[in-house]
Amino acid sequence: MKQIAWLFKWLLKAAIFFTLFAFALNNQGDVTVYFFFGTRWTAPMVLVVLCAFAAGLLIGVLGMVPRWWRHRKAARRARSDADSARATLAAESNALPLVPPHGL
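With the UniProt record's numbering applied, the sequence shown corresponds to residues 1 to 104, in that order.
The hints are simulated quantities; they were obtained by calculation from the structure and are not laboratory data.
Careful: at least some of the hints might be erroneous.
[To be verified] Simulated restraints on C-beta separations: (1) Ala52 with Ala91: 52 to 60 Å; (2) Arg77 with Lys2: 33 to 41 Å; (3) Leu7 with Val49: 26 to 34 Å; (4) Lys2 with Arg76: 35 to 43 Å; (5) Thr39 with Ile16: 45 to 53 Å.
Computed from a predicted structure; not experimentally measured.
The beta carbon of each residue, even a glycine, is placed where N, CA and C say it ideally should be.
Take the sequences, apply the hints, and build the full model.
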């Protein structure tokens, strides 16, 4: 069962790769992107699409960085609170007098 899942995963990766490869081969024509003030950039369409994808990925990651920092800070705070609670509990358990067990 594990080998079938592994094979299916690699077949899916291969299908995605060949689909994107075919897309790149079919879109080799030059395209012109016009910016402000009369500037323009001429490049193959697949390169323009790749740059647009990379820019969107970068904007998405930069938009999530503040949330990641807040979560890291909260996790660090929770870890230090748990460590201090554990140390307090250990100190209190050591301070209790040892009572011999009652048995039959």
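A quick look at each hint next to the structure:
no.	hint	verdict
1	Ala52 with Ala91: 52 to 60 Å	holds, 59 Å
2	Arg77 with Lys2: 33 to 41 Å	holds, 40 Å
3	Leu7 with Val49: 26 to 34 Å	holds, 30 Å
4	Lys2 with Arg76: 35 to 43 Å	holds, 37 Å
5	Thr39 with Ile16: 45 to 53 Å	violated, 35 Å
Violated hints amount to a single one, hint 5; each of the other numbered hints is respected by the structure.
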